[in-house]
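Enquirer: Chain by chain, the residues run as shown.
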Amino acid sequence: MDPRQPVKFYQTGTFTVGNRLLDTDERSVQANMERTNSLNSGHRACQGCGEALGARYALDAAMRATDNQLVAVNATGCLEVFSTPYPETSWQIPWLHSLFGNAAAVASGVAAALKVRGREHVRVIAQGGDGGTTDIGFGCLSGMFERNDDVLYICYDNEAYMNTGVQRSSATPLAARTATTPAVGPHPGAESGRGKNVPVIAMAHNIPYVATASVANLRDLEEKVARAILIRGARYVHIHVPCPLGWGSAPADTIRVARAAVESGLFPLYEAEHGEVTGRTPIRRRVPVDDYLKLQRRFAHLFSPKRDDARLGQIQAIADRNIVNYGLLDTEDARG
Amino acid sequence: MLRQIEGSRAVAEAIALARPEVICAYPITPQTHIVEGLSELVKAGELRGCEFINVESEFAALSVAIGASAAGARSYTATSSQGLLFMAEAVYNAAGLGLPIVMTIGNRAIGAPINIWNDHSDSMSMRDSGWIQLHAETNQEALDLHIQAFRLAETLSMPVMVCMDGFILTHAVERVDMPTQVEVDSYLIPFEPRQVLDPAEPVSMGAMVGPEAFMEVRYLAHHKQMQALELIPQLAEEFELRFGRKSGGLLRSYRCEDAETIVVALGSVNGTVQEVVDAMRAQGVRIGSVAITAFRPFPLDAVRAAIGHAKRVVVLEKSLAVGLGGILSDGVRKSLSGIQLKGYTVIAGLGGRNITRASLHKLFEAAGRDELEAVTFLDLNTSVVERELVRERLQRRSGPTAESVLRQLGTVASGIG
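Chains as they are written, first to last, in the working numbering: chain A, 172 to 507; chain B, 112 to 528.
It cannot be assumed that every hint is accurate.
Unchecked claim - To give an idea of the interface, some chain B residues facing chain A are shown, with a C-beta separation under 7 Å as derived from the structure: (1) G148; (2) L152; (3) V153; (4) A155; (5) G156; (6) E157; (7) E162; (8) S168; (9) D296; (10) L299; (11) I300; (12) P301; (13) P304; (14) Q306; (15) S315.
Said to hold, decoys possible - Chain A residues, not near chain B, derived (Cβ > 10 Å throughout): (16) P256; (17) A282; (18) R288; (19) E317; (20) D320.
Hints in this document: simulated from the structure, not taken from any laboratory.
For clarity, every value in this text was computed on a predicted model and none was experimentally measured.
The beta carbon of each residue, even a glycine, is placed where N, CA and C say it ideally should be.
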C-alpha cells in the first residue's frame, strides 16, 4: 500500500475520488497547480489513450521528485509520433528520440555523459511501448540492466504494435485479436502464452528496482515512479496502458478496462528490489477475467457466436496463478 | 615523440589525447585492439574524465554514443565489417541528428562468406549515410586524422568516420610521431555542442518531420558536407603548422604533373602504388597516382584538377558494387564530366587478397597500352571461377559456392579428397 496514503479511497465508496480527503501536500502530483505538464496538451493521441495518460503522470511525478532535473529518451512509437508532429512538440522537458530499438542504450549514453560532466543530479528516463521494449529494444534493454546503468526505463504496455496498426508483439496476451493474429480459424487471436514477462526478466537481472503499475491506480503509479527515479542504477517500471483503438474498448472506459485487468489478477501490481518482490498492491474487489475481456472487441470471438470455455479457462487460470504467485488477495472483502 | 607501435595502439593513444568523454566498445576484428587500448588507458587512470562502456552490440555502441553526444559529451566508438552493418540504422540516425561522433572503421570485408580480412566493403556500404568518411594511408595519418576528425565533426556538428585498413594498418607495427597533450589541446578546443539535452533549456531532438520539411533537412546535411570540402583542407593546413607534418586534406597527388596514366585509390594501398609509380617512372613511363583521403564529401573539383590532364585513369578499388563494378570509379568519372579520357576500374584486394607490386606493375603496363577491360578483377583465379560455373551448369543442387571453391583449391586440387 502507498505509505503516503492515510485515507483508504474505497472508504468513500468509489475508486476515483480521494485527493480532497488528503492534506494539500499529500495530494497527487497531477492535483498540484505547480505540476510541470511534461507532456503538454495539444498532442495527437487518440481519445482515451492510456499511454498518454500514463506518460503524463509518470513524467510529472519524476519531474517533481527530481526538482525538474530530468532528461527523457523516447523509442519510436505512438508516444513519439503523437507528441512531436513537426514543427510542434508537447514535451516541456529535454527529450530525444533516436530509434525504435535503442532507447535504453541512448539513455545509457545520456547518463554516462551526465556523470562524466558532473551533472548526476539530472536523472534519465528512457521510455517506449511494448514493441520497443519487449521486442526490438530488448537487447539494448537487457544490456542497460546488466551494466546497471543509471537509467529508469518505463514501458507503456498496450500489448501490441499500435502505431503501425495493431500488430502482435511479444506482449500480446493469449487469444487477443490483432492485425497479424486475426480472429479467424480454429484458434482465433494470439496463440502463444502470456507474452514475454519483462518485469520478471528485469528482476532476473538483479537490478535495484522493478515495478508494475497501471493507469487504473494513478496514485500507485506516481508513487512508484517517484521512488524509482531517485534510486541509482538501472530501474524498470512497466505500466499497463489500455489502447481504445487497438483493444476495441470505449475511450471512456480506459480506466475501467485497466482496473478490470488489475482486479482480475491478469495484471499484477508489485514492486521488487534486487530481484526480490518487496511489495504488491492487493486486489480490492476481485472480478472474473470475463469482466475484463468483455469490455474489449479484441476478445469478442471468445464470447460470440458461442462462448469459448476452453480459452476463457486458460485465461482465468493465468489470472488465478498471478493471484497466488504474487499474493494479491489478503482481505476477506477481496476474496468475496 | 617517435614510437614504434601497432597502428591500433597509435590510434588508441591519439583518441586519448583528444580527451573523449564517453567511449563505447564492442569487440569485432580488426578494430578490437583500439578499444582494448582505450579501456586500459581509462582503467589505469591515464585517460581521466572518460566513461568507458562495454556494450552488448554494435547497435548499442553507436546508440550509447548518440545519447552521450546529445547530452554534450565528446563521444567515440570503433567498429568493422558486420559490426558497421549491425549498427547501420544508428549510423544514419547519428548523421540525421547532426551529432559529432567520431568512429574508427578498421576496414574489413562483409560476409557471406565470412571473412575477417581487409577491403572497403564495410565503410562503402555507409557512404550515403551522411557521415564524413576519411581514409588513412599510413598509421601516422590514421593517428593524425583522428585528431582532425574531432575538430571537423564538432565544427560542423556532424559525425566522422576515420577508415583505416584492417590488419594492414590496424595490426602493423610502424614508426609514428605521437604528439603531446599540449600540442593536441592547442589544436582541439573543448567540445561546445550546437544542441544539447539540458533541463535549463529543454529541446525536443529527433522529432518527426513530414514531407513539408524533410527535403530541406536533407539538403542542409548535403550543404554541410559541401562546407566540409573547404574545412578539411583548412584543418589539414592548420595541423601542418602546429604539428609539422602533412596529414589529411582532400587528396594527395604523387608524380602526376606530366602523367599520362594516373592511378586513383583509397587507403594503404597507395604506398604500394607509389612504389610501382617510382619503378615505372625510372623506366620512363609517365605515370602518377592520387590518394583520395576524403571519400565523403567527395572532392569532385580537386579530383578533376588532379587527373583531368591525363590520358587515362585507373581506379583501384577494394570494394565491389555487385552488378556494376566500382564505387570509387563512379565519383572519379563524375569529377571528369566533359573531359574525354579512358577510364578503367580495377577491383583488387577483396577479402584481404594481397595487392602486390608485381601485379600492379603488369596491370599499369597493360593500362598504358589500353589493353584493360572496363572492369578488371586483379589476380582473379579464372580457372577456379570457370570450374565453379561448369559445376553449377551441370547440377541444380550444386551446393554453396564458397565451400566448392575452397574444395577446389584445397582437397581436390591437392589430390587429398
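Enquirer: Could you let me know if the closest chain B CB is still more than 10 Å away from the CB of A:P256?
Expert: violated (6 Å)
Enquirer: Confirm or reject the statement that A:E317 sits farther than 10 Å, beta carbon to beta carbon, from all of chain B.
Expert: With a cut-off of 10 Å, A:E317 comes too close to chain B, as the shortest Cβ separation is near 7 Å.
Enquirer: Given B:E157 as an interface hint, is its Cβ closer than 7 Å to any Cβ of chain A?
Expert: violated (16 Å)
Enquirer: Given B:E162 was flagged as interface, is its beta-carbon under 7 Å from a beta-carbon of chain A?
Expert: holds (4 Å)
Enquirer: Tell me if the interface restraint on B:Q306 is satisfied: Cβ within less than 7 Å of some Cβ in chain A.
Expert: Because about 10 Å separates B:Q306 from the closest Cβ in chain A, which is outside the 7 Å limit, the hint is violated.
Enquirer: Taking 10 Å as the cut and beta carbons as the points, is A:A282 off the interface with chain B?
Expert: violated (8 Å)
Enquirer: Given B:V153 as an interface hint, is the shortest Cβ-Cβ distance to chain A below 7 Å?
Expert: violated (11 Å)
Enquirer: Using the nearest Cβ pair, does B:A155 come within less than 7 Å of chain A?
Expert: violated (17 Å)
Enquirer: For the restraint on B:P304, tell me whether the closest CB of chain A is nearer than 7 Å.
Expert: Nearest chain A Cβ about 10 Å off; hint violated.
Enquirer: Per the stated criterion, does the least C-beta distance between A:D320 and chain B lie above 10 Å, as a non-interface residue requires?
Expert: Non-interface label on A:D320 violated, nearest chain B Cβ at 8 Å vs cutoff 10 Å.
Enquirer: Interface hint check: B:L152, Cβ to nearest Cβ on chain A, cutoff 7 Å. Holds or violated?
Expert: violated (15 Å)
Enquirer: Checking hints one by one. Is B:S168 an interface residue toward chain A, by the C-beta closer than 7 Å rule?
Expert: Interface hint status for B:S168: holds (6 Å vs cutoff 7 Å).
Of the numbered hints stated above, those contradicted by the structure are hints 1, 2, 3, 4, 5, 6, 9, 10, 11, 12, 13, 14, 16, 17, 18, 19, 20, listed in ascending order.
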